[in-house]
Each structure stands twice: as structure tokens, then as C-alpha cells.
Amino acid sequence: MSNAEHLANVMVQAFIDAVEQGVDLVPVVADSTSTAKISPFIKKFPDRVVNVGIAEQSMVGTAAGLALGGKVAVTCNAAPFLISRANEQIKVDICYNNTNVKLFGLNAGGSYGPLASTHHSIDDLAIMRGFGRIQIFAPSSPLECRQIIEYALGYVGPVYIRMDGKALPELYDESYRFTPGAVVTLREGRDIALVATGSTVHEIVDAATRLADAGIQAKVISVPSIRPCDTDALRAALTGCHAVITVEEHNINGGLGSLVAEVMAESALPATLKRLGIPDGEYAAAADRGYLRQRHGFDAASIAAQAEIMLRKAG
Numbered sequence: 080m081s082n083a084e085h086l087a088n089v090m091v092q093a094f095i096d097a098v099e100q101g102v103d104l105v106p107v108v109a110d111s112t113s114t115a116k117i118s119p120f121i122k123k124f125p126d127r128v129v130n131v132g133i134a135e136q137s138m139v140g141t142a143a144g145l146a147l148g149g150k151v152a153v154t155c156n157a158a159p160f161l162i163s164r165a166n167e168q169i170k171v172d173i174c175y176n177n178t179n180v181k182l183f184g185l186n187a188g189g190s191y192g193p194l195a196s197t198h199h200s201i202d203d204l205a206i207m208r209g210f211g212r213i214q215i216f217a218p219s220s221p222l223e224c225r226q227i228i229e230y231a232l233g234y235v236g237p238v239y240i241r242m243d244g245k246a247l248p249e250l251y252d253e254s255y256r257f258t259p260g261a262v263v264t265l266r267e268g269r270d271i272a273l274v275a276t277g278s279t280v281h282e283i284v285d286a287a288t289r290l291a292d293a294g295i296q297a298k299v300i301s302v303p304s305i306r307p308c309d310t311d312a313l314r315a316a317l318t319g320c321h322a323v324i325t326v327e328e329h330n331i332n333g334g335l336g337s338l339v340a341e342v343m344a345e346s347a348l349p350a351t352l353k354r355l356g357i358p359d360g361e362y363a364a365a366a367d368r369g370y371l372r373q374r375h376g377f378d379a380a381s382i383a384a385q386a387e388i389m390l391r392k393a394g
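Per this note's numbering, residue 80 is the first one in the sequence shown, and the count goes up by one each step.
Everything labelled a hint here was simulated from the structure, so no lab data went into it.
Check each hint, because a few of them may be wrong.
[Said to hold, decoys possible] Only pairs whose alpha carbons sit at most 20 angstroms apart, straight line, appear in this in silico SDA-like list of lysine to any residue: (1) K353 with P307; (2) K392 with G294; (3) K392 with G333; (4) K392 with A365; (5) K122 with G132; (6) K392 with D270; (7) K353 with A366; (8) K150 with S113; (9) K150 with N130; (10) K150 with D96; (11) K150 with R127; (12) K116 with G144; (13) K245 with P259; (14) K123 with A134; (15) K116 with A205; (16) K170 with A205; (17) K392 with F257; (18) K170 with I206.
[Stated by the list, open to error] Across the chosen pairs, the derived CB separations fall in these ranges: (19) D96 with T351: 19 to 29 angstroms; (20) R314 with D126: 22 to 32 angstroms; (21) K123 with R212: 40 to 50 angstroms; (22) T288 with T351: 17 to 27 angstroms; (23) Q373 with E345: 42 to 52 angstroms; (24) T351 with S163: 40 to 50 angstroms; (25) R127 with V235: 18 to 28 angstroms; (26) T288 with V171: 43 to 53 angstroms; (27) R314 with E249: 20 to 30 angstroms.
Note that the Cβ used here is the ideal one computed from N, Cα and C, for glycine as well.
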């Protein structure tokens, strides 16, 4: 994991590069500059950062005002507080009014580990999918993160980027090119499809290797683009597999699992689906990430075990 990198560091460097290239970008933060790792940007452009204090609603409203004034406004703070505390402002000021604001939800999922449910963001995809007009992305690697941010800063309109809070290793080489809506097949296989988004893509890559050792060929599919999503490509990727497992560090309702279920149902795909993530009616365990994923059954070992169970039942 020597090439692992925190996505927030990728974000800040992308902001610096954008301003140096002439983008009129203004980050808005809600007190915690350490969460956003924004210090390198502040050192270079001290007059470009707006810190509203612990006031997420004001942060989103301020970003909307900056966008209406012609700036490329970006918000940088923890996903659980961004989505929960500024929910109405995101809905009205950003989505309904279609303002050019990029919302960065940092430390998403269970990134905060032992800080428990107040700090876990396991419902953000469901909430943002319920709002119209906003594009939604969840990068799984530093390179993909950089390319998503570059796209988002050039796109005119609302964007939400779900950012993991842990250092992630690289999945791609320099030839990789992110495309909005794209469904990325990382590994071919016909027995079962493993589908994930964000940091859990690494779990399904590992799970597929374990399954290969057991003689099972798993297709590995990454969905970094929740909206837009090329549902025709997703449908095609799933076609022919006997079973499908979705994996996300999110409640199993409303996020990636629901997206895949919708595509399968509307296409009448003849495959069994299992959604893995935080189970219905539960909150994420107050623990480090490894235990959290093991506890809720979506670490690599659990995914592989679930795949074998599904394939045995399928005959």
C-alpha cells in the first residue's frame, strides 16, 4: 500500500491546480480545516477560503451565493454533518435552484470508526439520490478521485462527491479515464457479479481473488458514477451472471444496492441479488473499519463466503 493516498489530499491539490489554471474557485469550510486538509490551499490562496464556523447550513447557503455570483464554489466538510445538518439548504439552495456548487462529503461511510453513529455517514447516497438535478460520484482510488474532481469543476451544475476518509491504494494505471455514467469492469467472470462503489471496490477485488482460488470466476464491477449512471452498460455487465452481490459502506437501502436492484427489476434479469452493507434497521458499528465491515458482513472474506452460498443455492 505504498501508493495509498488520502482522497482529501488529492482534492486539495486539485483545487490548487485549478486556481493556478485560472478557475475562479472558492472553498467554503465549516470550522474544521483539518478535516478538509485544506491548509496547503490556504497557504497559497489565503483570501480564497471562506470559513463560516460550525454552521453547515450557512456553509451551503454561502456557497450557493458565491456560485450565483459567478464563482466555482466548493464545500469541504464531513459528510455526516454536511448531509444531515444542511439537508434543506442542499435541497433548496443547491438542487432546486440548480446552482453551480460542488459538495465534497469527506470521511463518508464509517470512516470515523469508533466515533459511532453521530459521525457515520451511511445514508448520504440515499438522501442525495432523492434530490433532483445533482450528480453523484464516489471515487475508489486517488487517480479516479482526481479525474472526478477535474470533471466536476468543469461541469456547470450541482455535484456531490462521496469521499472516503482513509488512504486508498491505486486501482488503475495512467491510461484510466473517468467518464461520467461509466460502469467499470475490473475483472471478467461469468459465475457471479460483485458490484461496489467507493472504497468497498477494494473489498470486491480481494473477494474475487479468494473466489478464483476456489474455482469461481467473479466479475468485478465498479460504479463510481451513481448519477448519471449508464444503466444500459450496467445491465449488460450483469447479464449472464447467475448471481449478483452489491457492496457499499452505506445502508443497504437507497444507495448502490437499490440502484442495481432497480436496473435488474426493470430489465427482468434472471439472477439472484444480495445487497451487502449496513443492514436495514441498524447503525454502523462503533469500531475501526476492518471490524465494522466484518461485523456487518461486507469485508472481502464475508463477500466471498456469501458468493459461495448463493452459487450453491443456484445449483
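Do the hints match the structure? See the list:
This hinted pair does not check out: K353 and P307 have alpha carbons roughly 23 angstroms apart, beyond 20 angstroms. Proposed proximity of K392 and G294 is supported: the alpha carbons are some 17 angstroms apart, at most 20 angstroms. Restraint check for K392 and G333: not satisfied, since their Cα atoms lie roughly 26 angstroms apart, outside the 20 angstroms limit. Taking the CA atoms of K392 and A365, the gap is near 33 angstroms; set against the 20 angstroms cutoff, the hint is violated.
Distance hint between K122 and G132 is fulfilled; the C-alpha atoms sit about 19 angstroms from each other, no more than 20 angstroms. Between K392 and D270 the CA atoms are separated by roughly 13 angstroms; this keeps the pair inside 20 angstroms, and the hint holds. As the CA atoms of K353 and A366 are separated by approximately 24 angstroms, the hinted pair breaks the 20 angstroms bound. Between K150 and S113, the direct Cα distance comes to roughly 24 angstroms. Violation of the 20 angstroms bound is thereby established for this hinted pair.
The suggested pairing of K150 with N130 holds, with an alpha-carbon distance near 16 angstroms, which does not exceed 20 angstroms. With a C-alpha separation of about 16 angstroms, the suggested pair K150 and D96 falls inside the 20 angstroms cut-off, and the hint holds. Taking the CA atoms of K150 and R127, the gap is about 11 angstroms. The hint holds against a cut of 20 angstroms. At most 20 angstroms may separate the alpha-carbon atoms for a hinted pair to count; K116 and G144 exceed this at roughly 24 angstroms.
With a C-alpha separation of about 24 angstroms, the suggested pair K245 and P259 falls outside the 20 angstroms cut-off, and the hint is violated. Taking the CA atoms of K123 and A134, the gap is near 25 angstroms; set against the 20 angstroms cutoff, the hint is violated. Distance check on the hinted pair: K116 and A205 sit about 26 angstroms apart at the alpha-carbon level, beyond 20 angstroms; violated. Straight-line distance between C-alpha atoms of K170 and A205 comes to about 13 angstroms, which keeps the hinted pair within the 20 angstroms bound.
Of the supplied pair hints, the one linking K392 and F257 is violated, its CA atoms being roughly 36 angstroms apart against a limit of 20 angstroms. Proximity of K170 to I206 is assessed by CA-CA distance (about 10 angstroms); at most 20 angstroms being required, the pair is judged to hold. At about 45 angstroms, the CB distance of D96 to T351 disagrees with the hint of 19 to 29 angstroms. Checked against the hint of 22 to 32 angstroms, the C-beta distance between R314 and D126 comes to roughly 49 angstroms, which is inconsistent with it.
Range check, K123 to R212: Cβ separation about 32 angstroms, and the 40 to 50 angstroms hint is violated. Remark: the range hint 17 to 27 angstroms for T288 to T351 is upheld by a beta-carbon distance near 22 angstroms. Against the hinted window of 42 to 52 angstroms, the Cβ-Cβ separation of Q373 and E345 comes to about 33 angstroms, which falls outside the hint. A hinted range of 40 to 50 angstroms for the beta carbons of T351 and S163 is inconsistent with their spacing of about 34 angstroms.
For the hinted restraint 18 to 28 angstroms between R127 and V235, the CB-CB distance of approximately 20 angstroms keeps it satisfied. A beta carbon spacing of about 46 angstroms between T288 and V171 agrees with the range 43 to 53 angstroms that was offered as a hint. For the pair R314 and E249, the beta carbons lie near 29 angstroms from each other, so the given range of 20 to 30 angstroms is met.
Violation of the numbered hints given earlier is confined to hints 1, 3, 4, 7, 8, 12, 13, 14, 15, 17, 19, 20, 21, 23, 24; the remaining hints are satisfied by the structure.
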